[in-house]
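Protein chains in written order, with my numbering: chain L, 1 to 323; chain R, 1 to 363; chain X, 1 to 325.
Don't take each hint at face value.
[Claimed, not checked] To give an idea of the interface, some chain X residues facing chain L are shown, with a C-beta separation under 8 angstroms as derived from the structure:
1. 99
2. 120
3. 153
4. 259
The hints are simulated quantities; they were obtained by calculation from the structure and are not laboratory data.
Glycine included, each C-beta is placed from N, C-alpha and C at the ideal position.
One letter stands for each residue in the lines below.
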Amino acid sequence: MIQFLVKRFVGLLFVVIGVTFITFVMGINAPGDPIVQLLGQHYTPQAYAALKHAYGLDLPWWQQYLNYLHNLFTFNFGLSYEYPNRSVWDILSSGVPVSLELGLWALLLQLIIGIPLGILSALRANTWIDTTNMGIMLALYAIPVFVLAVFVQVFILWLDNITGGSSGINWPVAQWGVPWHYGWSDIQFKIAPILVYAATGVAYYARLSRTTMMEVLRQDYVRTARAKGLRERVVIYRHALRNAMIPLVTILGVTIGFLVTGAFFIERIFNIPGIANITLTSIYSRDYPVIQATTVLLAVAVVLGNLISDLLYTAVDPRIKIQ
Amino acid sequence: MDTRKDPQQPVAPGAMFSPSLEPEMLSLDQAAGMPVPAEVTPAQKPSSPLRDSLRRLRRDVRAMVSLGIILFFVLVALIGPPIYQHIGGPYVSNVNGLTLSPADYHNYYHEELDRQDEGPSAQYWLGTDQLGRDILARLMQGVLISLFVALFVEVLDITLGITVGVLAGYYGGLIDQFLARFTDLMFAFPGLLLIILVSGIFGQSADAVFSHVPIIGANGNARLLLVGLILAITAWPLMARYVRGQTLQLKEQQFIEAARTAGTTNLRIILRHIIPNLFSIVVVASTLNISVTIVGESGISLLGLGVQQPGSSIGLMISDATQNIDTYPWEVLVPCIVLAIIVLCFSFLGDGLRDAFDPRSKD
Amino acid sequence: MAENLLEVNNLKTYFFTRGGVVKAVDDVSLKIQPGETLGVVGESGCGKSVTALSIMRLISSPGKIVDGEINFNGENIMEKNQNELTDLRGSKISMIFQDPMTSLNPVYSIGFQIAETVKRHRKDVTNEQAWKRAVEMLDLVRIPDAKRRAKNYPHEFSGGMRQRVMIAIALSCNPQLLIADEPTTALDVTIQAQILELMKGLSKEFGTAVMLITHDLGVVAGSCQYVNVMYAGHVVESAPVKQLFETPAHPYTVGLLQSIPRLDDQRGVKLTPIAGQPPDLLNPPPGCPYAPRCPRKQSRCLQERPELMQVGRGNQLAACFYPVV
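With the hints as constraints, model all of the structure from the sequences given.
Next comes the structure, spelled out in structure tokens:
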């Protein structure tokens, strides 16, 4: 077990190194000279040299990279280029709890809505329930998240028009943050982005659950369970479901990937000050340290997700032995 | 069943580059209950597998309708603009008093600033956007861009995917190892992130560097090329995986062994026996990947990192119009609906192709 | 004669597929006495498995039992509702299947899978008692070190041992009838013998009737008192085992026996297969299903379908107008 964890941790390390190296190289080779931009009108050769030194940018590249790595382990992501007296971590840390809140809710919804829908479809396979369900799931899955977001917003506006209320389309920023608020107005504002964010994942889990459940229901051991005289409910929940869940556990990494990519759109469209939104802003303003930091963080999140799902897989399937 | 590692899964549209799985590729079947006893399978009539597949495809209404719609969009994107630019009479602009022909006011970048945010009319068939530009013209241009990028990406995807996939499957060894590691990296690292990074950091300079290269030109196409390249880089490992899986299967079959005993060189075997049999899996994977590409390009453009003004992309149209979603929802709904239709059609077509080539998964 | 434990009358199970109606079981009748071992022999596709599943009422779409009576202990199973059926299965009638590698649930221990059957059918049994019974059963089917191994998972057992576990499950509630659908087909020959011995011994010890389904006549010879031969969804011969082997009446049975290579055959003696193709269950021809391949056929055979009728001495029945006897 320990061996397995160590091996996977080393793998994580490799990915982190790979990712950081890529972003580091991109940062170094990025067009424009950030020091020059920072100085702006106050450019003098001395100021340039001094600032460059302060940012450690006058060191040879491999040393810069090592410094960078070293700093990473202490969560020191360096100083922002855009805001010279704010550290990158400072800028990001406001976004982390927001994105986490959004992401965790979306994940929860995906599991508690997606999986039961899929199982239901499998149990009523090829009936109208199944066909309609899967039709909707296909649509939710195929249609990109930003289009869904637009549809939802238009729908809410239309609702507003008929009910005469006003939920406002400029989703206020203030509702997200620490601690996580859940007053009635908070819920109103948060529910739309969370639902849209979760939609693709719900569809994915529903389709996958349906497939694995149908596969399991065809297995011999389900027939054995019935031949033993077990009641149908027991056959389904104790024998079939338990096996159908196994593959679902392995896709946690993939799900995190979905969440990471979706975050960019959801946060931008709904004006949510999470990590992705901050990253986008820093891309527009060429604040490379922030970009690098976010990339590393997100990549690590995805890899961690994969790691967790591997662990869960071994816990849940007795046939798998950890080497 | 480790679904993540199963090579039979093509990519998901709309789910933005995650190494996701098309769940239905795992076998679907009738409802709960017993496996059908051997007594029941009716006898099959012999026929060419390709003809069988095409016949099955023709029977799939959803897929056929989707194919029709796609072809319609392709047609409109290709010949629509020239035709549209000949429809309509001269128009005197109130902004500067000039007389404009449809070639002027029906193209995608012309701004008519006193005709902003209009609904559909005889002059502007789908109305105008917030800068007085013809929505239909912009839409057609956007679809054209999407299709070009999709084509570009698919060509790279298929070439790289088949080359590496066949070599990895046929020879194994280093190439196979490399493919496995690379795919793992791709799976671990969300593709969208890479695209955002690269186009974010290098987009502007790419534009500057390539603006003097013919064809590519100055109006943001270089950036598009970059986006296309990265999309292809993210897509090919999955294609290579399918191809590799199929190659492995084929390699074990008798006719390959027969060819080898007859003294056929490996190259010949690959070219004449393996590659032609990859047709079905490549077609299905490509079709489904086109959805991903189209969504990817739209998404990137929506974030401002792809097609730039005054160019047009579906994503750009959406992001432009989002500001006025409460006052002029029409402007944002049109590109959204078109995008949704295109993506759904490719999905249905991909599903239909897959079922046509591998009906085992349905019956 | 003692009252029949199981009496199947005119069972018809059809499968309604897209390609047509497959008459997998087309008017099958059989009976089993308490404690008796009945062999059901036939080639793949003759309907023996479907018959067994029909008796357990485990046929599902697109299959359907369209006609017939299945009398167990005097009660017609066809008239029972879901609850009664689940009460019956596993406790009065049990079934074991062909492939032991896939018949057990991989995520539960084998002890659990036995104990859950016990708990299902014996309401007042505690978990500990059920587990004890499970270990007892494992001992009974000669799994070594039963107490420890009861906690193991199916993948930790070989095929032969898994089949023993299946037997343990099936017999855990002391059923009156055990249906064994090709229980040894997927196993090595040596293991095969062990399993058959085990089943024979347990059947004798507990008085369990056994319906042993197989395509292997050798298995039948060693284990059964009575044999039914099936072909194309019909029972074509029914006889005590000795009579079947010594004086087979139906030409199909004769053909089967002739086609088996024997230890005392001369070297170089050719095998005698049965000529012709297996029947098409989608469009069965009128008349006797075996007629197209039968060396003894007459024109009557192609038009009329023979019912089971007495041939020779004793209780030997054959569905043939011109039996060999």
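Each hint tested on the structure:
A cut of 8 angstroms between beta carbons decides the hint on residue 99 (chain X): the least distance to chain L is about 6 angstroms, and the hint holds. Against a cut-off of 8 angstroms between C-beta atoms, the interface hint on residue 120 (chain X) holds, since the closest Cβ of chain L lies about 6 angstroms away. The criterion of a C-beta within 8 angstroms of any C-beta in chain L is met by residue 153 (chain X), whose closest approach is roughly 5 angstroms, and the hint holds. With 8 angstroms as the threshold, the beta carbon of residue 259 (chain X) stays out of range of chain L, its nearest partner Cβ sitting at about 30 angstroms, so the hint is violated.
Violated hints amount to a single one, hint 4; each of the other numbered hints is respected by the structure.
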